[in-house]
Each structure stands twice: as C-alpha cells, then as structure tokens.
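S.K.: Sequence lines, in order, name chains P and W. Every letter in the first sequence is one number past the one before it in our numbering, and letter 73, counting from 1, is 73. With the second sequence counted from 1, adding 1000 to any position gets you our numbering.
It cannot be assumed that every hint is accurate.
[What the hints assert, rightly or not] In silico lysine-lysine, BS3-like type, Cα no more than 30 Å apart, as pairs:
id: 1; chain 1: W; residue 1: K1264; chain 2: P; residue 2: K50
id: 2; chain 1: W; residue 1: K1189; chain 2: W; residue 2: K1176
id: 3; chain 1: P; residue 1: K50; chain 2: W; residue 2: K1164
id: 4; chain 1: W; residue 1: K1176; chain 2: W; residue 2: K1186
id: 5; chain 1: W; residue 1: K1044; chain 2: W; residue 2: K1330
id: 6; chain 1: P; residue 1: K225; chain 2: W; residue 2: K1054
id: 7; chain 1: W; residue 1: K1328; chain 2: P; residue 2: K136
id: 8; chain 1: P; residue 1: K225; chain 2: W; residue 2: K1032
id: 9; chain 1: W; residue 1: K1032; chain 2: W; residue 2: K1083
id: 10; chain 1: P; residue 1: K225; chain 2: W; residue 2: K1351
id: 11; chain 1: W; residue 1: K1351; chain 2: W; residue 2: K1164
id: 12; chain 1: W; residue 1: K1044; chain 2: P; residue 2: K225
id: 13; chain 1: W; residue 1: K1308; chain 2: W; residue 2: K1228
id: 14; chain 1: W; residue 1: K1240; chain 2: W; residue 2: K1189
id: 15; chain 1: W; residue 1: K1052; chain 2: P; residue 2: K225
id: 16; chain 1: W; residue 1: K1330; chain 2: P; residue 2: K136
id: 17; chain 1: W; residue 1: K1240; chain 2: W; residue 2: K1228
id: 18; chain 1: W; residue 1: K1387; chain 2: W; residue 2: K1400
id: 19; chain 1: W; residue 1: K1052; chain 2: W; residue 2: K1343
id: 20; chain 1: W; residue 1: K1189; chain 2: P; residue 2: K50
id: 21; chain 1: W; residue 1: K1228; chain 2: W; residue 2: K1246
id: 22; chain 1: P; residue 1: K225; chain 2: W; residue 2: K1338
id: 23; chain 1: W; residue 1: K1083; chain 2: W; residue 2: K1054
id: 24; chain 1: W; residue 1: K1308; chain 2: W; residue 2: K1246
id: 25; chain 1: P; residue 1: K225; chain 2: W; residue 2: K1083
id: 26; chain 1: P; residue 1: K55; chain 2: W; residue 2: K1264
id: 27; chain 1: W; residue 1: K1164; chain 2: P; residue 2: K55
id: 28; chain 1: P; residue 1: K136; chain 2: W; residue 2: K1083
id: 29; chain 1: W; residue 1: K1249; chain 2: W; residue 2: K1189
id: 30; chain 1: P; residue 1: K136; chain 2: W; residue 2: K1032
id: 31; chain 1: W; residue 1: K1441; chain 2: W; residue 2: K1228
id: 32; chain 1: W; residue 1: K1168; chain 2: P; residue 2: K50
id: 33; chain 1: W; residue 1: K1164; chain 2: W; residue 2: K1249
id: 34; chain 1: P; residue 1: K225; chain 2: W; residue 2: K1330
id: 35; chain 1: W; residue 1: K1054; chain 2: W; residue 2: K1330
id: 36; chain 1: W; residue 1: K1328; chain 2: P; residue 2: K225
id: 37; chain 1: W; residue 1: K1163; chain 2: P; residue 2: K50
[Said to hold, decoys possible] Listed next, the stretches of chain P that the computed footprint assigns to chain W, with coverage defined by at least 3 CB atoms under 8 Å from CB atoms of chain W:
id: 38; region: 42 to 51
id: 39; region: 120 to 128
id: 40; region: 212 to 224
No lab work stands behind these hints, which were simulated from the structure alone. Just so you know, these numbers come straight off a predicted model, no measurement behind them. Backbone N, C-alpha and C define an ideal beta-carbon position, used for all residues, glycine too.
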Amino acid sequence: MKTTNYRAINTFKSVALHSFLISVALSCLFPLIWMVRSSLMDPETIFTEKSLFPKAIRLVNYYNAWAEGNFGVYFLNSVLYTTAVVVGIVFISSLAAYAFSRLSFPGKNIFFYMFVGAMMIPLPGSFVPLYVLMSKLGLLNSRLGYILCMINVGLPLSILLLKTFFDKMPPDLEDAARIDGCGRLGIWWHVALPLARPALAVIVIFNSLNVWNEFILAMLLLNDKAKMPLQLGIMTFQGAHSVDYHLLMAGLTISSIPVILIYLAMQKHIIKGLASVGVVG
Amino acid sequence: MNKISAGIIVFCLFIGLIILNKDKVKEKSPDKVILWHWLTDRDKVLQELARKYKEQTGVDVVVELYAPADSYVRKVTAAAQAKMLPDIYGNVDTKETFANYIRSGQVADLTSYFQADNQAWEASLFPKALEGNRFYEDNIYGVKPGIYGVPIDVTNMQLLYNKKLLAKAGFQNPPKDFAEFIGMLKALKRIGIPGFVSGWGELWLVDCFSSNYAFNIMGEAKVMATLKGDVPYTDPDWVKVFMVFKEMKDSGGLAEGIITKPNKYAEQDFALERAAFAFNGSWCVNVYYKMNPRLSYGVMLPPPVNDKFPMMIWGNGGSSFSVNYRSKVKERAVDFLKWMTAKEQQALLAKETMNLPSNREAVADIPSVLSDFTMAMDATTHPTVWKYNENPIVVERFYKGVQSIILGDKTPETVAQEVQEEKQKQIEREKRINNRKNRAK
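The following block holds chain W by itself, in its conformation from the complex (with noise of 0.2 Å):
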C-alpha cells in the first residue's frame, strides 16, 4: 500500500468521526424538563400526559424511558456520580440506596410544596402513598426528616380468586376466614382444580405472605417486637404463622411446583384459569388482562385467621418520582409533578395502564378491580416504614423453613426452633460487631 492509499484512509477516517461527532451533546434548553424512568409499560401515557401539559402551561416536559430497571440503575448510578441526573427521575431502588442519594445532595425535599395550602397536596394522595419516600425524626438513615418523591400510583398486595371456578366447586362467594378458606381449597382440590397459586419460588413473596398472617394473628406490637428481638419465633404465635402455610398444605389445595414457581409464572397459572386463588400485586391486573381479558375474578385481603388483630398486608407508592436538588427548573419539575398527581391525571394513568393511582380523589374514575384494590390502602403497612427490619439472613432461613413444611420435611415447631436460633446468632454477631467498633472509638 503507498503513502497515498493510506492517508486516503487516515482522511476519510477523520472526515467520519467529524460528520458523527457532529450530533454531540446539545446544551439542553434552560426551559426544558428533563424526566428519566424505567417503567415502560407507561411510557406512552407519559409522553401524552407531557403533551397535554405543554398544550396547557407551555412548559416543556421531555420524558426519557430507560429499561430494564437494572439498566435504568446503573445510568441513574453513574449520572449521579457525574452529578448530571436529569431534573426528574424515577426511584427504583432500596430506601437505604434512596437514602444515600439524598444525604450525597441529589434529592430535593419537597416537603415545603406538600405542606403548602393547607397541606392540599399531601391530603390528596394516599397517607401509605407517601411513606417510602417520607423519612421521619430520627429515622435509622441519618436523613433530615421530610418527603423526597412523588408517588404517580400505588400497589398492595391481595388475594385473588377466580369467580367461575369457585362457582364450578359451589362456592358464590370468596371465604370470610382461614378455616372456610381451607375448605375451600379441599373442596377444590376435590374435583381436581388446583386451588391457590402464587410465585413462592421467591422469597419476597413468602416474606409478604407470612407476615400479613403475622400482623394479624398476634397484631403489629408483638411483630415489632420479634424483629426487634424481644420476643422468639418459638412463641406459640409464631408457630401459628408456620401453621398456616402447614395447613394449607395438608388441604392439597397448592398448586403443583409452588415452592419453586417465578412469580410470572403464577400469574399465567391464574390468568389462564389453572388455579381457583392467587397471592399477588395490584400491577396483576394488567398482567391477567393482557393475557386473558375475559378472566373474572376478584380481590379480598388474605382470610384472616384471627379476628382479634387486623389482617395488614404490603403496600405502598408503587413508583415515585424524585426532583435533582441540583436542577435549574426545580420549580418548574415540581409543578409538573404536581399536576401528573391531580385527580384527572392520575384518573388516566389508572385507566390506561391499570395500576392503582396515588391520588385518592381518583378512585370513582377507574375500573372496579382497580377501585376494589385501593379499598385496602388503609390496610397497608410495608417493611420500608418499620420501626424494625429482620435480618436478611434469618429471613432466609425463615424462607427456607417454610420450604420444608410445604414439602412435609419439617414440623412448625422444628422450623421455629431452627428461625430463632438463626436469629440469636445474628443477634450475638451484630453484638459482637458493636463492640469491636466501640472498642475501635
């Protein structure tokens, strides 16, 4: 090759990195808002919801859809790092992780904007809406007490059940307690239809299940003082937790793989009517309906086997949206997302990707299973706003145990036995960390 040949290469290689660097970096217009999130399934009315918003203040709302939340993470991680987060973006990630971002001044406190007027705003969302992202005196995090995000929509965690088929077994209506509930299942199982279903193949799931039976077979003071460490798994109420997942074992009502069964796959058991119940989210609805519109069905709160104790279950903002403390258009950001939680708005974002919507006023406008989930926001409680937080190990090992008592290996009383003992190991551990970093002051 001569000299001429190769800087025709050089030169046409330097003309092409010219014409592509061409599109680099815009300075992005002072006027615009920039919005970042992960949740695709609500992306298009997003991008109308920011069209409708122009048309009405003029103000210029870009909305950016990154996706898997993983993904989404990892650039939020690294904008945050190079300190150019967009001025709205979606929080996907554990409050500790929340917390950093706002101690590291990436988030602004919006407390002052929910207060105004007479605290309107706030009044109208879901008090349970606001909890993940509202951190209070003295909380375990280090973070100055106020609220951080904005909830667009709201998830709890229910039972549901398939009206044909409880029908086909006799059954008019859902049961009222765990003993008709486990009738039930019998009586299902009877005439060879699988009776509950749910992704218990992860742990969260078993983590959610267990401890709304917790909350309401020895109420939310003796829970908190178990995960405190005051009171053993061995006390006879715990036991009754474990009892529950025995019994409804021993009614052969679960269905086949439980232990092992994805979340997704639960769900298309359900959608597909290969189970008459199903433990599940609220997001479910759009799931069952996208594969099996005609399914019919409804929501209750797990049947309670106490009626002395409220049955609690999971649940809280669904996906929030957080303002950069940094941004230039705060007030701009804010005053959008203020108007994305008015009852009109919040009213088409339910009905569009069926998911319950943060603002209260919201809920005469939305379909009936919508409706009929955001009944029992008052019911909701969630880890996140706990006083208290279990171990991660022994929620494992409680994970574990109640494994073995769907598979018949282990009584309650053994699994209790073995929880606790798991708890009083952690227990000494943290103890003996504690002391090793006193001694280090």
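This is chain P alone, in the form it adopts within the complex (with noise of 0.2 Å):
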C-alpha cells in the first residue's frame, strides 16, 4: 500500500514537474515561432490569422527584408564587429584577469576594483562624454572607435568571471610550467588559457550576443550607412507610428540565425563553464 502511495506521489511530482517545465519551454519558445510565422504572412493576415501556421507562405518577406533593410552591407558589419570585439575581448581580458590574480603591483585591487565599478555605470549615461571624447580623439564615424567603445563594454564583466577562475587555479600547475622553462606570458598561454576554455566559452557567447543585438551605440557613433551593424537595417522596418510586421519579423529571423548558431556550437561549453567556473585544474 506505501510502495502505490509511494510511486503515485513520485509519479504526481514528476508529471507536476514536467507540465510546469513543457510550459516554461512553450512560453520561450512561442515568440520564436510566432517570429517565423509572421515573416512567412502579408501584412494584412499577420492579425487577422489565428492559426501558427500560415494557409499562403511568402518567402518573398526574406528576399524583401534583405534588400530594403540592405542586410547584405550590415550582416557583413555585424560580423566583423562581433569578431573583432570579441577577439579584444578574450585577449586582453584573459591578460588583465591573468595580472589581477597571480602579479602584484601596486593599486592592483583599486584597479580591479574599477574595472568592476564600471558595470555599474549604465551604458545611456555615459553617452555624452563617450560622444565628445571620441569626436576629440578623430574616431567618430569610424568602425575602430566603435570596436574600442565595444571592447570597453564588455570587459569589466569578462575581467570578472576570468580572475574567478584563475584565482582558484593550482599554483602547482604553474610552478611546473616555470620548471619547464616558461614565462609569465607562457604560462598564461599554454597553461591558465586551455584550461580557462569553459569561462572563455561563457565570455564569447555573451559578448558575441552582445555586440550581434546592439545597435544604440553604433547609432551614436557611426553616420556612415555603410559601417552600421544589422540591427539597424532591422530598424527602417519600424516607423514613428506604423511597423511592417511582416519585414520585421524576416528581419529578425535573418538576424537570430547566427546567434543560434554559435549558441548551439557552443553549448555544451556555456553549459560546462557556468556549471564549472570554481572548479580548476
């Protein structure tokens, strides 16, 4: 009688469990699909259909959206910022956390302890000085103070989750590596880098979505139609009053695309550096 009590309860759980996950899955996902379906619908069926799946598909939408959102020119920008600014990234915020956690050097901890300050600063606040210190250093409207201005975002966080990990690495490794005839930068390349690879895989994906969804600060910094990221070309699709529905949602799936790519190239890093970020060595 207490083994049936027993399995009914744990079998209760369990499907209480799994509604509760299916649905918290379903309301991710649905925007997702309602994205895809409204870039396949015109304009006039997108409020009117009820049913996800559209009776007519036009997938003229995605020809239309690249072209007059001139997607081709901007993809070509997002992914060159995204590469740029995360290579910066990984670089030189593998080296600063490298120095915060294993050199001494005088105000080391006031350094660090800026660096982390700086997330607190919101990104709208700092526009105007950004804005002038850029037009007095003659890199406004050019992609390298952009890239600059986005490696400067995106570090203090990466600084962060890199110095957690090489404070708990094993002073050991490094002693071994030093017998071996290696330097400070050797040790930081062939030792603390691979097995930093599941916190650099986290820094690379929150970066890459990062510089591949933004477009605030290109809009400030750049003029040039040809130098501004996709999400621009994302923008015309919305007016002062009305929205083409339609193009915006191509649009959108257009620029989803590569990030679910990297997502899923790199998940199972995402996962394991989340998972394992305290655990070195």
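Hints in hand, dock the two standalone chains.
M.R.: Here it is in structure tokens:
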C-alpha cells in the first residue's frame, strides 16, 4: 500500500514538474514561433489569421527584408564587429584577469574595483562624454572607434569572470610550467588559457550576443550607412507610427540565425563553463 | 609562448587597428548639406527628394536616418554638446528642450526667411503648422521671438468612423452631435459591435479628448482660466466634461479594456473592424492602410456637446526640421527646406507617406482621407501654444479620475472634487517654492 502511495506521489510530482517545465519552454518558444510564422505571412493576415501555420507562405518577405533593409552590408559589418570585439575582449580580459589574479603591483585592488565598478554605470549615462571623447580622438564615425568602445563595454564582466577562474587555479601547475622554462606570458598561453576554456566559452557567447544585438552605441558613434550593424537595418521597418511586421519579423529571423548557430556550437561549453566556474585544474 | 609568437600577435593587432582606422572621419565636403532625421517611414521619400534636389540645383543633400526616436534624441543631445550637429536636424523633443537648444545657440532663427518676399513662405503653410516652432514676445521660455523650425507635415486628432459597421447598425451618416453619438453607441451595442475604441491606456489621449470637449463646453477663455487657477475643476462646466466619459461608459459602447489599451492595439481594433469609432491622430491613415487597405472609413470632428463654442481639436506641425546656427551652409540648408515645403514636394511626401502636408496648396493633390483631415486644421489647438499649461500631477489625477469614471468607481462630481484638491495642492506648492526663491534673492 505504502509503495503504491509512494509511486503515485512520485508520478504526480514528476507530471507536475514536467508540466511546469513544458509550459516554461513553450512560453520561451512561442515568441520565436510567432516571429517565424509572421515572417512568412502578408501584412494583412498577420493579425487576422489565428493559426500558427500560415495558409500561404510568402518567402518573398525574406528577400524584401534583405533588400529593403540593406542587410548585405549590415550583415558583414555585424560579423566584423562581433569577431573583432570578441577577439579583443578575450585577449585583453584574459591578460588583465591573469595579471589581477597572479601578479602583485601597486594599486592592484583599486584598479580591479574600478573595472568592476564600471559595470554599474548604465551605458546611456556615458553617451555624451563618450561622444565628446571620440570626437576629440578623431574616432567618431570610424569602425575602430566603435570596436574600441564595445571592447570597453564587455571588459569588466569578462575580467571578473576570468579572475574568479584564475584565482582557483592551483599554483602547482604554474610551478611545473616554470620548471619547464615558461615565462609569465608562456604560463598564460600554455596553462591558464587552456584551463579557462569553459569560462572563455561563456565570455565568447555573452559578448557575441551583446555585440550582435547592439545598435544604440553604433547609432551614436557611426554616421555612414555603410558602417552600420545589422540591428540598424531592422529598425528601418519600424516607423514612427506604423510597423511593417512581416518584414520586421523576416529581418529578425535572419538576424537571429547566426546567434542560434553560435549558441548551438558552444552549448556544451557554456553549460560546463557556468557549472564549473569554481573547479579548475 | 615564446617572444616571437607574442610579437606576431601584437604586430597583427597593430596592423588591424591601422586598417580599421583608415576609414575614420572624412572631413565633410563644404558643399554638402547634411540632414539628420528619425522618420523611418519617410526615409525613402526624403532620399528621393534629396536626389531630385541635386538634379535640379546641383546641391548635394545627404539624408541620414537614426531611429527609433529615443536613440535619435540621445545622438542629437550628444552632438549638440560636442557642437557637432548637422546642418539640418529633425526636432523630436518637447518645446522646452527646443527652447534650450535655441538659447544655447544651436538653432538658427528663420524668421527673416519666412517673412521675405511679402511672407511668401509663411503664407504657403498652414498657420498652425508653424505654431510649434514659433516663439512669441514674452514667451515663458525666454527665447527671442521668432520662427525656429520648418514643419514638413501637420497632424491633428479626430474621430474616425467605420462606414460599413455604421450601415450594419442602420446609420448612413455619422453623428451630428454628442447625443446622437451616444444613441449610435447604444445601437451598435445592441447588435454586438463595440462602438468606440482609443488608446486610453495612454494618458495623453485622454488629456487630448477631454480638452477637446472642454473647449467645446466652456470655450477657450474658461479653459485657460482653469489652467491659470482662476476657475475650479468643480465648476459645472468641468463636471459636464467628466460627464462625457460617464455617458460613453453608460452607453455600453466603449471597447473592452479601453482604459489600459495602448494606441497601437486600439489602431489594430479599428483597422480590423473590431470597433465602429476611433479617436486617433492623422498618422492613422498610414497605419490603417498597412493593416487593412480595404477599410472604408470617414473622418469627423468629435461630435459637439454644446453649439455655443466651437469644437477645438489638438493639432500642430507634425515633424519639423531646424537649421544649425553654426552651419557653414546655412543658406543652402534653408533653400532645401524651402524647396521641400513647396507644393509639389509636399504633395509627393503626402502621397508616399500618407501624412498631412504642411503646405496648404498641396491639399488639392492628395488622397481624399488626408484632405478630409486637413480641412480641420483651422480648428486645431495644442498645449504647446497655450498661454498656460496644467501641472503634470494634476493632469495625472485628471486621467486617473477618468479611469475611475469608466470603471464605474467614482462619479464625475467626486472626480472633479479630487482634481480640484490636487490643483489646490499644486498651486500652494508652487507658491511656497516661489516664496523660497524670492527670499533667497
């Protein structure tokens, strides 16, 4: 009798838990499904047809979104910005985090807290000084200016994550490398970076998403259409009062594909990285 | 990693930075006129106009779009602080901010251009179109009197009616007065058609609708006297304004959830024939067309309660452009704006974007719904041109009061009392602040 009760309770718990998880998954997936469905419909039927599956599929929306939104140029720009910024962040943050973790120099803690404190400043709050600074440096409307700013945006969190990781790295590994003839940079390259791969994967994913979806800073710093990122192309479908939903959704679908691909490619690492941020060596 | 590898990485980064920086700011050609705007839906036609202008005059106008509006405002603010505004830029903020720009020397005074040749440019535009850009003698902003912007279109707020749904309820014509309007809402309710929809989840739409009726019920002088603080909101005429909402609620003709509905959803309801009447701005022509090109509807002033005073609706210059005071090509910039607001260009803008033209001569060449909207331009008013404006806290109390009436929680008399109490509080607060300021002086 007791066993039957136990089984019934377990089954009930399992059903309740799975129902809850399925409903959460569906609520996450629904906007994506709605986006793809709307991207295949004509503007008149988006709000009148209730079905998730459109009666007539309009693939031409994708062509129109690509052409009208000038996606060809914007797409390449976004790829360039994302690659350059992520490489820059990984390079600088791993060196900085390693230095904060392993080296002793005057003002080390102050510098570190300054970096961490930078995370607290909301981006819009720094727009005016940033614009003035970039204009004085002659970096306004330049790709380099935008890339440097975006690297700066991504550094604090990345340094914090990697420093936490390096702090837990056993000193014995470094000693062994030193015996083998490695210098500071050699230890960073041959020992610290390979061990930090899960944390680096998290940094790559977070920063890729951040740069790929960013447009406010790009709009502030860039003037030439030829230098704008993909998100700005999507904005062209949002009028002051009206929205071209079919093109907007097609544009959003196009722009979300690379992000989904990056996530799928690094899915294993990201879960491992988040789960094992404290386990090193 | 050996020193050679480290050297290669640093070298590659250095070369990369040089390549990327090769395309940094090119000096602007002295002949070009740069125009910044945020009007996504008008970008194509503005580009087209710039192309035509170059063909006709040889002057290169570079149109640069930055949207959405809030991001555009940030860019303009930052550029203004860095003294790097373009030659022409779209105004998007409040009149107070606009006045700040003028006082800080960022905006050129265009009065002399408007008044040249016997005021030819000014006379070609709807007088109300210029009001938002005009500062009169002794204005509260402390700005030198003059005209500081060029409207490329105008807007106004009116009542829209769905011809098919009215016919279903047995009506061939729109209502002539408020009593008839309430009768129609009841008739529509009887056959299961929601009567009236508007984005009353947004405070400004309720503010607009109620001030239209306030002007109609008590006239402009009494509305201004109320804003000044000389007439209380408990005055019977103000109770009548609140009664407008109560009667609409009692008719059962308000769309479900109207008090929390954003205007975008209200627009969907009307476009998809889920409501017979809508209160909306003239931009809706474009919105409705995109959602339902076959929608058959008409435009009218909100039906009046009183025939002693005219119905005044909100309306003004829609989108305006200013010329940078520091621009090196100021004359060229003004010439382009003058050309853009001429009849032919205005008709093209109106046809392509379905906005109302700011040039009154262009009305003959635009679609009929748009010309119907423009016919009411002489009946427009706007808080930006009033001598007095209500305290925002009182406006919010007013809005919450209207919501309570629609919910059936409060009577018009109670709401009038509450709004007056808030008004009194704010008047006393302002007095205290002024006294403190005087003492400090």
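S.K.: Are K1164(W) and K55(P) close enough, with their CA atoms no more than 30 Å apart?
M.R.: holds, 27 Å
S.K.: K1176(W) and K1186(W) were given as a pair; does the straight-line alpha-carbon distance stay at or below 30 Å?
M.R.: holds, 16 Å
S.K.: Hint check: K1052(W) vs K225(P), CA-CA at most 30 Å. Holds or violated?
M.R.: holds, 20 Å
S.K.: Given as covered by chain W, does the region 120 to 128 of chain P meet the bar of three residues or more with CB within less than 8 Å?
M.R.: holds (count 3)
S.K.: Between K1351(W) and K1164(W), does the CA-CA distance stay at or below 30 Å?
M.R.: Holds: K1351(W) and K1164(W) sit about 25 Å apart, inside 30 Å.
S.K.: Verify the proposed pairing of K225(P) with K1032(W), using a straight-line Cα cut of 30 Å.
M.R.: Holds: K225(P) and K1032(W) sit about 16 Å apart, inside 30 Å.
S.K.: Decide if the proposed pair is consistent with the structure: K1044(W) and K1330(W), CA atoms, cutoff 30 Å inclusive.
M.R.: holds, 24 Å
S.K.: Does K1054(W) lie within 30 Å of K225(P) when you go C-alpha to C-alpha?
M.R.: holds, 20 Å
S.K.: Given the hint that K136(P) pairs with K1083(W), does the C-alpha gap stay at or below 30 Å?
M.R.: Given that 30 Å is the threshold and the Cα spacing comes to 11 Å, the pair holds.
S.K.: Check the hint pairing K225(P) with K1338(W) against an upper bound of 30 Å on the C-alpha distance.
M.R.: holds, 26 Å
S.K.: Within 30 Å, alpha carbon to alpha carbon, are K1264(W) and K50(P)?
M.R.: holds, 19 Å
S.K.: Below or equal to 30 Å on CA atoms is what counts here, so check K1308(W) against K1246(W).
M.R.: Since the Cα atoms of K1308(W) and K1246(W) sit roughly 22 Å apart, the hinted pair holds (cutoff 30 Å).
Violation of the numbered hints given earlier is absent; every hint is satisfied by the structure.
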